[in-house]
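Protein chains in written order, with the numbering used here: chain Y, 1 to 189; chain V, 1 to 362; chain W, 1 to 505.
Possibly wrong hints are sitting among the right ones.
Which bits of chain Y does chain W cover? Going by a derived footprint, with three or more residues having C-beta under 8 Å, they are [unchecked claim]: (1) 7–21; (2) 119–132; (3) 157–165; (4) 169–180.
Calculated cross-link-like contacts (lysine to any residue; reagent style SDA-like; alpha-carbon spacing at most 25 Å) [stated by the list, open to error]: (5) K258/W with R7/V; (6) K127/Y with K30/W; (7) K161/Y with K179/Y; (8) K467/W with S451/W; (9) K127/Y with E465/W; (10) K166/Y with G95/Y; (11) K467/W with A136/Y; (12) K127/Y with G58/Y; (13) K161/Y with R126/Y; (14) K179/Y with S294/V; (15) K402/W with R7/V; (16) K15/W with D152/W; (17) K179/Y with G434/W; (18) K10/W with R236/W; (19) K15/W with S451/W; (20) K402/W with A84/Y; (21) K402/W with I134/V; (22) K127/Y with A443/W; (23) K63/Y with N457/W; (24) K127/Y with R219/W; (25) K30/W with K15/W; (26) K30/W with E83/W.
These are computed hints drawn from the structure, not numbers from a lab. Predicted, not measured: the structure shown is a model, and the values here were computed from it. Note that CB positions come from ideal geometry on N, CA and C, so glycine has one too.
Okay, here's what each chain looks like letter by letter:
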Amino acid sequence: MEPNMMLHAAQAVAAIGLLGTVLGVVLGVAARYLSAPVDDRAEAVVAILPGSNCAQCGFAGCKQAAAAIVEGRAAPNVCPPGGASTAQRVAELIGVRLAVDGADTALPTVAWVDEERCIGCTRCIRKCASDAIVGAIKQMHTVLPEACYACGLCEIECPTKAIVMKPVMPTLATWHWPKPASKRPVATG
Amino acid sequence: MSTLANRAGPFTHTVNSVTRTMVWVIAALVPATAYGLWLYGWPAVMLFAITLGSALASEAVMLALLGQPVRTRLFDGSALLTGWLLAMSLPPWAPWWIGVLGSLTAIVLGKHLFGGLGQNMFNPAMVARVLLLISFPVQLTMWVAPAPLGGDAAPSFSQALAYVSARTPVPDHMSAATALGTLKTELSRGVSVAQSSAQLPPPRQLAIGNESGSMGETSAGLLLAGGLLLLALGIISWHIPVALLGTLGALAALSHALDPVRFASMPIHLLSGAAVLGAFFIATDYVTSPVSRSGQLLFGAGIGALTWVIRALGGYPEGLAFAVVLMNALVPLIDRGLRPRVFGRSRRGKSLQARTQPRIHI
Amino acid sequence: MLFQVRGGVKLSYRKELSSESPIVRMPTPKRVCVPLQQHVGSPAEPVVEVGQWVGKGQLIGRAGRGISANVHASTSGTVIAIEDRMAPHPSGLTQPTVVIEADGKDRWAELAQPVTADFPLPVTPKELSERVAAAGIVGLGGAAFPSAVKLDMRYKHSIDTLVINGAECEPYITCDDRLMREAASEVIDGVRIMAYALAVQHVIIAIEANKPKAVKAMREAAKVDHSIRVVTVPTRFPMGSAQHLLLAVTGRETPADKRTAEVGAVVHNVATARAVSSAIRRGEPLISRVVTVSGFGVREPANVEVPLGTSVEDLLAFCGGLHPVPTLLIGGGPMMGATLPSVHAPVVKGTCGVLALTASEINDGPQSPCIRCGKCVTACPAGLVPVEMAQLIRRGDLQGAKAIGSQDCIACGSCSFICPSHIPLAHYFSFANGKLGDLDRDARRQDRIRSLIQARNERTAREAEIKKAASAARKAAKAAAAALATAAATADATEATSSLLEEST
């Protein structure tokens, strides 16, 4: 190769190389100092979750579940007692779009004490994270439905299987039309 | 008690349907098409049949491949209309494979690969025309002088077959440039527009359509009649045609007034080429035009403006196909930006402030 | 001079099926099931007991807390049950209902003192509003909003206009039309009473142009009061929407999420006006209403004055029964009405019509893909973009649909009506709004429960702290006692040793 050409080639390589290095450094600095703080998001997610560490999601507690959600290891709707609204809020927070599935017709549930079987041992009362069960030793226990978010711990705890989860039926005030059926889910407008 | 029990209202419906709409649009096209077919003779008829046939065939194949109900969807009129509009915009004596390739492009690429009916972003017929024009510029600019059926110059059936099957090329004495084509080539040779306009057919003839051009776009008069029928039926609204022709006409008139040497007059622009066909039949395609009225005005104006720009300042003599496709790309943006004002809210979306002195005239 | 109103659709009205049938009074049925909630707001509380005899017009349910309305017995008889019975609601759900077995005598209970004086009335507006509330009058156009609350709007807003809604824009329904033709003077009397109660300057009665005879009758009756103007509005659905009607006749656009009172106007239905007149002039509470029974599926379409609580079955039997067997039974009009769960559902204050529709009238068709024709955008009277909202809802993005206005939807159904692809647009929006309401309620409940959980966590932590402190204190006390004991023991030992040493020396 001619010396002139070699010089040109060297200049070109140097120029591109320098540009690449500079840009790479800029990107690296940006990635480090301008990225969204992940820690805050985990805390924000914890604030949305119920916070009772019932472990229905499969993680040890709400803090661990929040960390997993933020890192992408768990879906935003991983918390069953949190319900659809919690899933939506978490999804909004971490910027994931969670489709509201109209076909999800499973009714929300609350715990219910079968008075025939309850022996008044208060084990469930001590376990309930939201103080939804009222009662005392040797007294009948009962669940306050507006405080129960169906974590299921009482059902597991009860020695006589007196607690079951019952679905909450819609009333005239809460009923609404289900999503219309789309004949072909593929060819939508 | 009822089979329809599990749905919300309303429990009455207009008689209008997708098929009814397509049928009327096709009906509105029939006069201009018939005239064009008569004007250009057997080769045009054959090309028309081939184009429509390939459109229907490719639609059937795609529907079957995609698992959609073939019988109902094939005859809803949409594929037929696409093929029809494409045929109208082709040179009347083009070889058969132009028609087939065009239809295939329009239906497969322009419609189904985007998701099928209602999903395409670009007008399928225009996509096909643009693709053909860029890939096969010679065939797509091979215009012929009118050779009416039954007349002396008309080719016989067998001759027509020969042209269409590309066994024999179209003889030179039959070919003729379109009005816009003439203007452009003369301009490039240094002849002013004013001079070459004199050689063109007068506006009355341009309106009737006895001149060279695409199979269906010559008769501005018949196309206008069809367009007015659609307006009267409420199938299209006036916004797009008026905006398109208005902008095109205004720019033409303005430019011609400023520089008659370079720019053609308004009647020539409005009456030649695909202006009227585009305004009433192509740009008004539901799927690829904006849904709001104000959006439609902007859309029509954009097409009119771009058409004039390409015709007057660009390299192609006719720019409607490009203009339509370019504006199609902007439709999602137009739809997002030009939504109607919600009742009870300002344009920004906030609840209206109740004025202290509300007017009352009664 | 009318103002422009956007959107809306032209319908096939089919009013001729019943428009020439004069109002007939239906004989009292054997049994009436009167729901305790026939109005917007909280349900009424029962004030009668099972086994009690009630007179016609006797109070059986007292208005609940907040916005509510009284409920009265529509005929005399014995209360045989107060229990959950089927509601006239498409869900088929039940609601608390007072079931009265009619004694056939139709005897009136003691009624309120009538006011027979001419205008100006010798009662205060406040008293008028109280009488209207006592009579249990709610909006009879279908919205069933307690009318007394509307009359009391004058205390919260400055009201200068009363608009009377005689539009009746739904197909088939002709009850208001007949009422205006046959009882125009009663309607006008009710209008004047309400105008006096509201102390308004302008009174406008708006009637759609497809009811020329009603316009004539009302104009004639309105001559008695020169401040009342009768105007004709274009026949276009949904002209009867209160906010759109107001815009058309006064040019005032009601701000979103607010009532018409915000722009100085109150809108009442013509039948409501007549009910007010009955309540004030004769002391009669709201115990019956005119219902249009129509559709190709009913033998003898008619406009019937029905005692509230009559079952749809009895009403249909009065109209010759169903023939041919219809595809659908609707309560209300075909655009905004809903399917009746069965013929055992009762007629309530908001039931303006019972329609038996055949498949040809409904004109349903298979759904096909959206072709983006934009007709729904043109038709929407609320200025929304149904095509875009439905697309978002289909994909599950309800918040996106809300952001472009799905909660401003008035559920008129114009979009579904006009869609050439038969896409159930209005259904999508009512689903979305219902689901968003669900999510809101759920979110608030979760918030409350989370604070309960937090409170419990704090309490447990505090208890643990106290326990720890207590056990630490106990330990310290033990240690102190032990130290004291050892100190004492050491002291004893030292003493013993020292005394021993002393003795030895």
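Hint check results:
{"no.": "1", "hint": "7–21", "verdict": "violated (count 0)"}
{"no.": "2", "hint": "119–132", "verdict": "holds (count 4)"}
{"no.": "3", "hint": "157–165", "verdict": "violated (count 0)"}
{"no.": "4", "hint": "169–180", "verdict": "holds (count 10)"}
{"no.": "5", "hint": "K258/W with R7/V", "verdict": "violated (29 Å)"}
{"no.": "6", "hint": "K127/Y with K30/W", "verdict": "violated (55 Å)"}
{"no.": "7", "hint": "K161/Y with K179/Y", "verdict": "violated (37 Å)"}
{"no.": "8", "hint": "K467/W with S451/W", "verdict": "holds (24 Å)"}
{"no.": "9", "hint": "K127/Y with E465/W", "verdict": "holds (19 Å)"}
{"no.": "10", "hint": "K166/Y with G95/Y", "verdict": "violated (33 Å)"}
{"no.": "11", "hint": "K467/W with A136/Y", "verdict": "holds (21 Å)"}
{"no.": "12", "hint": "K127/Y with G58/Y", "verdict": "holds (18 Å)"}
{"no.": "13", "hint": "K161/Y with R126/Y", "verdict": "holds (16 Å)"}
{"no.": "14", "hint": "K179/Y with S294/V", "verdict": "violated (31 Å)"}
{"no.": "15", "hint": "K402/W with R7/V", "verdict": "holds (22 Å)"}
{"no.": "16", "hint": "K15/W with D152/W", "verdict": "violated (35 Å)"}
{"no.": "17", "hint": "K179/Y with G434/W", "verdict": "holds (10 Å)"}
{"no.": "18", "hint": "K10/W with R236/W", "verdict": "holds (6 Å)"}
{"no.": "19", "hint": "K15/W with S451/W", "verdict": "violated (57 Å)"}
{"no.": "20", "hint": "K402/W with A84/Y", "verdict": "holds (17 Å)"}
{"no.": "21", "hint": "K402/W with I134/V", "verdict": "violated (44 Å)"}
{"no.": "22", "hint": "K127/Y with A443/W", "verdict": "holds (24 Å)"}
{"no.": "23", "hint": "K63/Y with N457/W", "verdict": "holds (15 Å)"}
{"no.": "24", "hint": "K127/Y with R219/W", "verdict": "violated (73 Å)"}
{"no.": "25", "hint": "K30/W with K15/W", "verdict": "violated (31 Å)"}
{"no.": "26", "hint": "K30/W with E83/W", "verdict": "holds (18 Å)"}
In this structure, the hints that do not hold are numbers 1, 3, 5, 6, 7, 10, 14, 16, 19, 21, 24 and 25, in rising order.
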